[in-house]
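As given, the protein sequences belong to chains L and S, one line each in that order. Here our numbering = 1-based position in the first sequence + 7. Here our numbering = 1-based position in the second sequence + 1.
No wet-lab data here; the hints were simulated from the structure. No experiment lies behind these values; they were computed from the predicted model shown. Any given hint could turn out to be false.
Stated by the list, open to error - Among the chain L residues that face chain S by a calculated CB cut under 10 Å, a handful are:
#1 A80
#2 G109
#3 R126
#4 P129
The beta-carbon is built from N, C-alpha and C at its ideal position, and this holds for glycine as well.
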Amino acid sequence: MALLSTNGLTAFYGDFQALYGISSEISEGETVAIIGANGAGKTTYLSALAGLRAAGRSMIEFDGSQIGGEKPARILSLGIAMVPEGRRLFPSLSVEENLLVGNYGRKAKGPWSLEAVYRLFPILRERRRQNSSSLSGGQQQMVAVGRALMSNPRLLLCDEISLGLAPSVVKDIYAAIASIRASGASVIVVEQNINQALEVADRVYCFLEGRVTLEGSPVNLTMNQIRSAYFGG
Amino acid sequence: MIWVDTIVQGIMLGGLYALFATGLSLIFGIMRLVNLAHGDFMVLGAFAVLVGVESLGLGIIASAILAGAFMFVLGYALQHLLLNRTLGKDLLPPLLVTFGLSIIIQNGLLEGFSADTQRLKAGGFEEVSVQFGAISVGAMPILTFCSAVVVILLLNWLFYRTETGRAFRATSDDPVTAQLMGIDNNRIFSLAMALAMVVVAIAGLYLGARATFDPLIGPSRLIFAFEAVIIGGLGSLWGTLAGGVVLGLAQAIGAQVNPEWQTLAGHIVFLAVLIVKPRGLFPRTAG
Numbered sequence: 008m009a010l011l012s013t014n015g016l017t018a019f020y021g022d023f024q025a026l027y028g029i030s031s032e033i034s035e036g037e038t039v040a041i042i043g044a045n046g047a048g049k050t051t052y053l054s055a056l057a058g059l060r061a062a063g064r065s066m067i068e069f070d071g072s073q074i075g076g077e078k079p080a081r082i083l084s085l086g087i088a089m090v091p092e093g094r095r096l097f098p099s100l101s102v103e104e105n106l107l108v109g110n111y112g113r114k115a116k117g118p119w120s121l122e123a124v125y126r127l128f129p130i131l132r133e134r135r136r137q138n139s140s141s142l143s144g145g146q147q148q149m150v151a152v153g154r155a156l157m158s159n160p161r162l163l164l165c166d167e168i169s170l171g172l173a174p175s176v177v178k179d180i181y182a183a184i185a186s187i188r189a190s191g192a193s194v195i196v197v198e199q200n201i202n203q204a205l206e207v208a209d210r211v212y213c214f215l216e217g218r219v220t221l222e223g224s225p226v227n228l229t230m231n232q233i234r235s236a237y238f239g240g
Numbered sequence: 002m003i004w005v006d007t008i009v010q011g012i013m014l015g016g017l018y019a020l021f022a023t024g025l026s027l028i029f030g031i032m033r034l035v036n037l038a039h040g041d042f043m044v045l046g047a048f049a050v051l052v053g054v055e056s057l058g059l060g061i062i063a064s065a066i067l068a069g070a071f072m073f074v075l076g077y078a079l080q081h082l083l084l085n086r087t088l089g090k091d092l093l094p095p096l097l098v099t100f101g102l103s104i105i106i107q108n109g110l111l112e113g114f115s116a117d118t119q120r121l122k123a124g125g126f127e128e129v130s131v132q133f134g135a136i137s138v139g140a141m142p143i144l145t146f147c148s149a150v151v152v153i154l155l156l157n158w159l160f161y162r163t164e165t166g167r168a169f170r171a172t173s174d175d176p177v178t179a180q181l182m183g184i185d186n187n188r189i190f191s192l193a194m195a196l197a198m199v200v201v202a203i204a205g206l207y208l209g210a211r212a213t214f215d216p217l218i219g220p221s222r223l224i225f226a227f228e229a230v231i232i233g234g235l236g237s238l239w240g241t242l243a244g245g246v247v248l249g250l251a252q253a254i255g256a257q258v259n260p261e262w263q264t265l266a267g268h269i270v271f272l273a274v275l276i277v278k279p280r281g282l283f284p285r286t287a288g
């Protein structure tokens, strides 16, 4: 059975419809990538899963219960954590405080703790007393990922975690995603970088203008299929 | 010697203004809410203590504790049921609503307690003074100042050493992302208002014990609170204490020069700070 599924998920910004009935699912331990051009609805999709956007109750199902439209705090407590686009660290909190605040709403037993996050990203241990705004972009992204892990999520949502980072740093971040998968969590990554997405994911959904245009396992998809799903036509 | 005495009195008076200002600073810092009813809440706190002393026959300390508990509950309920609905991008709705609250509180108190001036009697403690060499300082001003320091120490401990404090700061930085950490903004805001109201009750206690009060003096005390917050710089409680002390000193020195200049001197120093350092003397640097 799927850990999380969406059934005809729609989303609106005022009169503008951003999602036209997205149906998708992710199993326990699976990593799914969402690819698509700017404005395809990827971030809106993740925001709806995290409770930041309104959704009909039955449109999102997690672990057998309908959670569409629940408050973000409730969704986190069920075990869905998000690494938001642009990292969104708390500027007046130190690195360690940013990590610690990550489990405010969910204190679940599991593989992740402050110590485990520092083992995953050793540089953060050195920087733990620093203000989070004094870190490099890559280090900030590590804090954002670590902060989400602190709640020991069953499902981790990652929004554009490679955006604006140097290729070597992107490699480090995605190496961490591999460790996170190994710890048993399911992961949804939203990516503009298609190669990165295909490399990490068990399955890929391609979005175009608020609809799913392609779904499948990277090994079964051809570049041509992806290209036409990505750009349309 | 008279000037040393003036300066000491000014600093002590600053402790009172810091107490007035701390609740205001706290609320603005966490939820960007400018509480125009802050002064009236202090007066309400003073009346709550008065009820404990005169109607329930309690001692002043027991009354103050009871008033603190009452204001905590009132603050939580007010934020939860009313003020949370006014928060958003627009700063105007909370201003209008708290302005309305100010009028409601003033008239409610007039209705319940009449316009008579009141005073909290601290059992002769008001008369006690301590001799430091040639200077004599009232025990009440010293206690006020120490209370301000203790309140700020406790609040700083809460903000920087506890999980709830982290949640306050995270919500203040970025309320949307804070929700992703499982922080319920409305609950955090309600808790912050409840805490601020306890500080307001303490401020009300000293307001009523050091001078007379009546239902309509809130707004004039609100001005002093605003001035202390702005002089000190937003976002730092120690800055608020410093702001209170600067204001207290200005008033004491002004009064020494000419008794009519007490309030005026405070306002002038406030304006001078606004011109020279618009962000206050000790603004929060980060973020």
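Check: Close enough to count: is the Cβ of L/R126 nearer than 10 Å to one in chain S?
Finding: violated (22 Å)
Check: Going by Cβ atoms only, is L/G109 closer than 10 Å to chain S?
Finding: At 6 Å from the nearest chain S Cβ, L/G109 passes the 10 Å test, so the hint holds.
Notebook entry, point to check: Under the criterion of a CB-CB separation shorter than 10 Å, is L/P129 in contact with chain S as hinted?
Noted result: Where the cut-off is 10 Å and the nearest Cβ of chain S is about 23 Å from L/P129, the hint is violated.
Note to self: So, as I understand it, the hint says L/A80 touches chain S; can you test that by seeing if any CB pair is closer than 10 Å?
What the structure shows: holds (5 Å)
In the structure shown, a violation is registered for the earlier hints numbered 3, 4, in ascending order.
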